[in-house]
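Taken in sequence, the protein lines are chains Z and D.
Note that our numbering has the first sequence beginning at 1, numbered continuously upward.
Note that our numbering has the second sequence beginning at 436, numbered continuously upward.
Be aware that a few hints might be false.
[Claimed, not checked] If you want the ones that stay clear, here's a sample from chain Z, every Cβ over 12 Å from chain D, calculated:
{"no.": "1", "residue": "P2"}
{"no.": "2", "residue": "A8"}
{"no.": "3", "residue": "R17"}
{"no.": "4", "residue": "S69"}
{"no.": "5", "residue": "E88"}
{"no.": "6", "residue": "A115"}
{"no.": "7", "residue": "K178"}
{"no.": "8", "residue": "A179"}
{"no.": "9", "residue": "Q197"}
{"no.": "10", "residue": "A205"}
{"no.": "11", "residue": "F223"}
{"no.": "12", "residue": "G224"}
{"no.": "13", "residue": "Q287"}
{"no.": "14", "residue": "G321"}
{"no.": "15", "residue": "S403"}
{"no.": "16", "residue": "H419"}
[Unchecked claim] Simulated crosslink set (DSS-like; lysine-lysine; CA at most 27 Å straight-line):
{"no.": "17", "chain 1": "D", "residue 1": "K444", "chain 2": "Z", "residue 2": "K175"}
{"no.": "18", "chain 1": "Z", "residue 1": "K206", "chain 2": "D", "residue 2": "K798"}
{"no.": "19", "chain 1": "D", "residue 1": "K798", "chain 2": "D", "residue 2": "K852"}
{"no.": "20", "chain 1": "Z", "residue 1": "K9", "chain 2": "D", "residue 2": "K533"}
[As the list claims (entries may be wrong)] Looking from chain Z toward chain D, a few residues come up when the C-beta cut is under 7 Å (computed):
{"no.": "21", "residue": "S10"}
{"no.": "22", "residue": "P13"}
{"no.": "23", "residue": "E207"}
{"no.": "24", "residue": "S283"}
{"no.": "25", "residue": "G365"}
{"no.": "26", "residue": "K366"}
In short, the hints are calculated from the structure, not lab data.
Computed from a predicted model, the values in this text were never measured in an experiment.
Each residue gets a CB set at the ideal place from its N, CA and C atoms; glycine is no exception.
Protein chains: 2
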Amino acid sequence: MPEISLSAKSVPPSSIRKFMPFIDLARKSGKKVYPLHIGQPDLKSPQEYFDALRHYEWKEDLKEGFTESTVAYAKSGGLDAYRTALTEYYALYDIILKPDNIIITMGGSEALEMAFKIVADPGEKIVTPEPFFLAYFSRVQSESRKLLPITTSIDDNFQLKDFKPKLEDIIRKEKGVKAILINSPNNPTGAVYDLEQMKAVADCAKEHNLFVISDEVYREICFGCEPHISAMHFPGLEDNVIMVDSDSKRYNLCGARLGRIVSKNPKVMNAAMKLAQIRLSVSTTEQLGGMAVLGNKHYIQSVKEEYLKRRNVAREVISGGEGIKFSRPDGAFYMMVDLGNHLNGEKVDAEEFAWYMLQEFDKDGKTTSSAPAGEFYVNKKLGKSQVRLAFVINEDALRDACSVFLEGIYSFKEWKKAHPENGYIKACDALEILR
Amino acid sequence: MPEISLSAKSVPPSSIRKFMPFIDLARKSGKKVYPLHIGQPDLKSPQEYFDALRHYEWKEDLKEGFTESTVAYAKSGGLDAYRTALTEYYALYDIILKPDNIIITMGGSEALEMAFKIVADPGEKIVTPEPFFLAYFSRVQSESRKLLPITTSIDDNFQLKDFKPKLEDIIRKEKGVKAILINSPNNPTGAVYDLEQMKAVADCAKEHNLFVISDEVYREICFGCEPHISAMHFPGLEDNVIMVDSDSKRYNLCGARLGRIVSKNPKVMNAAMKLAQIRLSVSTTEQLGGMAVLGNKHYIQSVKEEYLKRRNVAREVISGGEGIKFSRPDGAFYMMVDLGNHLNGEKVDAEEFAWYMLQEFDKDGKTTSSAPAGEFYVNKKLGKSQVRLAFVINEDALRDACSVFLEGIYSFKEWKKAHPENGYIKACDALEILR
């Protein structure tokens, strides 16, 4: 049997998705599982999306010479009309672009992939605050690049403290650092970087001639720290910034896979266009849907208001927990919780906890799923006792889910006294589930 | 300004797509351009696709617990129901699969990307017959792998001659050869490999412990050489074969971006699943559309019949040309044409010809676009005088287009006598168009 590549072997399984089999088992056993593990919002997608699909038609400027009833390739960079419509969307946030500064991608995910390839060759390095969005690590690693962390702490609410000296320390020690990767509002922490923090990133990039890859998919979901500071706002940084964006969260179109890579650096956009040509195009159908939702000006505001309510409920309930720490999200719809220690002083294993909640625990037939945070860190030990909660159920359900979650923590710590062996590992082995 | 990576710089622009600006200019000047440059069929997509979008709804088994009106992430490997439905499709071609052998991808393009990453680490090598589908080279190169060619010739109708000794010669000379990449029916040549040729590939793979990446997107478009021989048909080769597939051509859904990676090797599928998790999922909407078209059993047969007619028309007209050679396609919907020499004995520059047809030539206000073949070869000189024609217009139009194309060749050779300078390079420079 031929051997698969080392780079393919070294890609970690998704810690968010690898609990799926246990979620399925829990549901089959009749438990109600509040799904707090994945950033898959429950909110209704804009009606304009469904209407666009219902009245599928080629507008004259989209046709590119083909007949009305063929689902043809779009241009590699995206439909012209869509790219133009997006410039109007960005202008609302003081991000002034030309259509050529935007290439439509298959979700924010492909935009990240392109950005990583454009800034770094195999073996070269990208610095990012940890904890980070899981795919940053697996994507960079699968591309044979290296992700270097600047650790942020739950005690500082995951803000960027002393960013400049920490970055410069890394640059002194490591060769081939090419870019800083940031995400504000942040997944998984909910942290939002203020002007001062963003300026520190911008200054470092300028001074050390680095790219800034700025993932701004949660732009509108900020609570009391508006207007959102974009990396695109800094004059003189135009050649350094590559913005990554997606409609998944703000329009509840996770399944539409609509994103884009944005830059004013012509060499970056030239390279992005060539990478876009390799995969030919992004779904024409989805682009028509994505273009249609841009017309709904009130939708995003209602999304933001809903998440503010949920954030407040989660904070209220979780703050009643004992022996735990948690982040105070100023944006996005996530909260990090440190599960603390067992009686013997050992840190709680968040993976075992997540499994325990699904297989061993319930409160009146209810439980929660959560995302263990170990893989949100390069230094895996740092996140060992942390989980991420996503606010993707309504206010009332979330209130109940958070209290079930807290009870689960106490119950797990109790259960562990009699179960020293790691139940999660045992269960995976028994079921031949990939860990 | 920070510098972009060497690997991003080394990605070639698409030779198929880089003539777009000249096509636009020709159309704006009032010319009718027969589009023979791109494999974008003009045929009507199946009505089932549009119906599925019109009646968008979550079936119970697709919901994964979310509400009806949210366009939610699909599972990373694809919708379970879709993967199951695809096993029935493959069974029609004696390819017996379980749903777990299939992962849905963003077009055949992403399946290729995954396959290349899975079989080879950066610096390692994949062998393929040249000329090849353009994206093979740019994709492998952008992933910092290397594509090694086994040259096939228009004089042999691009069949695999002496494959084994040629491959073994490469293996002797080169380190790190991990896979053979084949595509039958072939883009750009129309070649179909018979049982003997496929067996040579299979034997080599087995003997030298190589993967076989088999791109079978044109499976049904074979003329007189049915049934199609799949790499999946060879007993004992289950662990070696990775099949790449797509609905773009057989269902005229190029813009839907629906493909898959298929293998019976559990390590390959495990790695593919982890790569799939990184980019979260493929469009849920498109998967619903793709699942719906599988129900239309007659559609593909009508597609095949249409291409057979077109192939016959193109062959009839082109065979009347003087001073040129052409391939005799047994499948797919492409034909390679070697434009021959100028009076001075120099080979015709196919790029300059393609430009000339758009900017300088017309016959009664009509002209053709074509795809210069230089970039379909690692040995670029081999394809210098060749173009690929795609049969993506109806029979009558194709008859006219082929005769316009032939006249264009004679006219270009005449024009060159008075224009020794390369008109294409000059025009690109004048318009600041990327070459």
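Hint-by-hint comparison with the structure:
Taking the minimum C-beta to C-beta distance to chain D, about 5 Å, the non-interface status of P2/Z is violated against the 12 Å cut. The Cβ of A8/Z sits about 4 Å from the closest Cβ of chain D, inside the 12 Å cut-off, so the non-interface label is violated. Not every CB of chain D lies more than 12 Å from the CB of R17/Z, the least distance being 5 Å, so the non-interface label is violated. The non-interface label for S69/Z is inconsistent with chain D: the shortest C-beta to C-beta separation is roughly 4 Å, within 12 Å.
The Cβ of E88/Z sits about 23 Å from the closest Cβ of chain D, beyond the 12 Å cut-off, so the non-interface label holds. For A115/Z, the shortest C-beta to C-beta distance to chain D comes to about 10 Å, within the 12 Å cut-off, and the non-interface label is violated. For K178/Z, the requirement that its beta carbon stay farther than 12 Å from each beta carbon of chain D is not met, with the minimum near 7 Å. Distance check on A179/Z: its Cβ comes as close as 8 Å (rounded) to a Cβ of chain D, failing to clear the 12 Å threshold; non-interface status is violated.
Chain D leaves Q197/Z outside its interface by the beta-carbon criterion, the shortest separation being 21 Å against a cut-off of 12 Å. A Cβ of chain D approaches the Cβ of A205/Z within 12 Å, the least distance being about 8 Å, so the stated non-interface status is violated. Even its closest Cβ contact with chain D, about 23 Å, leaves F223/Z beyond 12 Å, as expected for a residue assigned away from the interface. With a cut of 12 Å on Cβ distances, G224/Z stays outside the contact zone with chain D, its closest approach being about 27 Å.
Its beta-carbon lying about 9 Å from the closest one in chain D, Q287/Z breaks the requirement of being farther than 12 Å from that chain. Even its closest Cβ contact with chain D, about 26 Å, leaves G321/Z beyond 12 Å, as expected for a residue assigned away from the interface. A cut-off of 12 Å between C-beta atoms confirms that S403/Z is not in contact with chain D; the least separation is 20 Å. Listed as outside the interface, H419/Z is consistent with that label: its C-beta sits roughly 29 Å from the nearest C-beta of chain D, beyond the 12 Å cut-off.
Between K444/D and K175/Z, the direct Cα distance comes to roughly 21 Å. Compliance with the 27 Å bound is thereby established for this hinted pair. At most 27 Å may separate the alpha-carbon atoms for a hinted pair to count; K206/Z and K798/D exceed this at roughly 56 Å. As the CA atoms of K798/D and K852/D are separated by approximately 20 Å, the hinted pair is consistent with the 27 Å bound. Of the supplied pair hints, the one linking K9/Z and K533/D holds, its CA atoms being roughly 23 Å apart against a limit of 27 Å.
Interface restraint check: S10/Z against chain D, minimum CB-CB distance 10 Å, threshold 7 Å, status violated. With its C-beta approaching chain D no nearer than about 5 Å, P13/Z sits inside the 7 Å limit, and its interface hint holds. Evaluation of the E207/Z hint against chain D yields a violated restraint, the C-beta minimum of about 12 Å exceeding 7 Å. Taking 7 Å as the C-beta cut-off, the interface hint given for S283/Z holds, the closest approach to chain D being about 5 Å.
Hint on G365/Z is violated. Least Cβ distance to chain D is approximately 16 Å, over the 7 Å limit. For K366/Z, the interface hint is violated, since its Cβ never comes within 7 Å of a Cβ in chain D; the closest pair sits about 14 Å apart.
Violated hints for the displayed structure, listed by number in ascending order: 1, 2, 3, 4, 6, 7, 8, 10, 13, 18, 21, 23, 25 and 26.
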